[in-house]
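Which chain is which? The protein sequence lines are E and C, in order. So in the working numbering, spot 156 of the first sequence is number 240, and the numbers just go up one at a time. So in the working numbering, spot 113 of the second sequence is number 110, and the numbers just go up one at a time.
Possibly wrong hints are sitting among the right ones.
Unchecked claim - The following label-pair restraints were derived from C-beta to C-beta distances:
#1 C:S(-1) with E:R251: 41 to 49 Å
#2 E:G424 with C:G248: 46 to 54 Å
#3 C:A216 with E:D107: 51 to 59 Å
#4 C:P180 with E:Y407: 43 to 51 Å
#5 C:S(-1) with E:G284: 55 to 63 Å
#6 E:Y209 with C:G147: 55 to 63 Å
#7 E:Q133 with C:N74: 49 to 57 Å
I should point out that these hints are in silico values taken from the structure, not numbers from a laboratory. Ideal Cβ placement from N, Cα and C applies to all residues, glycine included.
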Amino acid sequence: MLVPLLIQCFRDPLAFQATASADCWTRLLQDARSLGMTAQLKALCERHQLWDRLPATVQKHFAWGWRYYQKQQASLFYELMELEPCLQQANYPCLLLKGAAYQALGLTVSEGRLYSDIDLLIDRYQLDDCKSKLFFAGFFEPAVSAYDKYFYLQLSHENPPLYHVKRGTALDIHFALFPLAGRKKLATEQVFASARPIEGSCFQVPSLSYLYIHAAIHFFWQEEQHKLVKDLIDLDLLYSQLLEQNLLAQLLIDAEHFGALEPTINTLLLVQTLFKRCLPADIAAQITSSPYQRSLARALVIKQLGGGISARLAGALWYLRGYQHKMHWRALLRHIWVKGKLAWQQRGKQIPQQNK
Amino acid sequence: MSLFSLHTPPFTVRIETDSSTLSNDLSALYPTDVLQPVPIAYHIYDFHIDYKRHFSGKSRPYHFRTGTEHFRMADANQLIPTFEWGLNWCVSAYQQQYLAIHAAVLEKDGKALIMPAPPGSGKSTLCALLMLRGWRLLSDEMCLIDPANGQLQPYVRPVSLKNASIDVIQQHQPAVAVFHRTPDTEKGTVAYLRPTDLSWQHRHIQAKPAWILFPAYQADAAEPVALFSMPKADTLLYLAQNSFNYAVFAGEGFRLLSQLVENTASYRLEYRDTELVLEILEQQLC
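Chain E with its partners taken away, still in its complex shape (with noise of 0.2 Å):
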């Protein structure tokens, strides 16, 4: 089995450190680089006391890597203050979701993890009155079809994403963890009911397993090929503080409640195999007899994880069985239908406005 060197990292840094080369440490540097990761690589060296044995090249990219995750954490901090007053007013949950989620609650996975938007879970039928609420405090929804809008609201889990006129801050508002055309009868409430407030904030976070099963579902039930890496020590690390804190039997309790074992159950399998971690016994044993294992779609992972054409076979083959998860089949044909037909009659219009 060929592990990518930023899991074999993570997986025991004290072993990579001693025994890695330089090509070694120029190829983690570039997988590194490319996920966005060299600030959680400096995190976990120094988590395991590790800094002072790197070579000087490898501490000044972790260290360049470093200001960049300081600079993302200021405006991420920064736009939650900035959110604070407009969403003190709604007299319903926010609950904040992955790596904000994450930062608020100062999670191990979060130091030195990048984001790209801020992701915002609320009750579905509280999204006009949230989106009200967001306008005047200046963001905006960028104009889309209508059949786009039906595919957000009624087949996705999220509004069409949010744009501050000024800051140009991107904001995911969420209504289901997963798209409803997967029809996967998610238990959403139970998000909320796990739900904690922070201290001095008007936002909640989801529990620990609730951060897990997202993750997981989000792993596992996708078609997404380029970030399997990032997402699998997203997921390890997450496994490990579940761990630490002694909710992994929570965790599948909360996954059973919630309707996604098999995400959860298949995500610490891999956890288990990809970073040599120890399951403990009875969350094994519960695990071992558990119907909802997926050894195929794990085999796909851990395939897409090497190079060459093996490889690919695995992610076209993952490609296909992503959509499966996220649009039942009916919604899936009638999506391509839709689509296929808006495609067609736009190239009409541009037809004669070329030859003008």
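Once you have looked at the hints, place chain C on chain E.
Frame of chain E; chain C shown alone:
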């Protein structure tokens, strides 16, 4: 497949390519101790560049990549310009060690001249001519300010000449070789000038900033040369706007730029007579 490396302080680059000519073409621009035919096995490189041909539509252009990040494709006749732009992209996009400003930098008698200016202002032409008159080139593209001491870090690379500036250089210095003249690039015709031996020899030595000069070539200007003092606040704002990573440096960036502007003299230079401007600059600055 060939593998070679470039050791241009403060950054080192390892290049993997299936071009049989790239290394040889670059040897006209870089000295032998900078362009290494084989990467050093025990050295950790800042950037690994993958510059190979891939199928893309009907042609097989070269793809300039670092890690999984794609910069640009290049046909075989534009290998060198795309390579040079690609290296600039790597540094401007990823390095956060130095506060970087889009500007040419030269040094004479221990004092450095920074020339920030938009394309078409004559920055590279002036930079090349000053270098050929004995100034040491630190960079024709990137002014790197070391936050530790406020000094300017050299990043010596070939001087990129574009369009009319190629002829201007050849008129002024007919004996100087201009390499890899490449027409029809997205910036027009480009060509490269090899940095002087002095510039290469002192490529590890930082310089103290003394002047900031905003050149503007104006073919129809009333005066052949006009030099104005620039308000320090305007200079600071312009430098901040033309920095690649001012926002990332945040408060430290403001401190560094304030210190730079405070400790230097700033001018705006409008000119149409290149020969006269060189004389005036040397009189005024040296």
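Against the structure, the hints:
1. C:S(-1) with E:R251: 41 to 49 Å: holds, 47 Å
2. E:G424 with C:G248: 46 to 54 Å: holds, 52 Å
3. C:A216 with E:D107: 51 to 59 Å: holds, 52 Å
4. C:P180 with E:Y407: 43 to 51 Å: holds, 46 Å
5. C:S(-1) with E:G284: 55 to 63 Å: Holds, at about 59 Å.
6. E:Y209 with C:G147: 55 to 63 Å: With Cβ atoms ~57 Å apart, the hint holds.
7. E:Q133 with C:N74: 49 to 57 Å: 53 Å Cβ-Cβ, so the 49 to 57 Å window holds.
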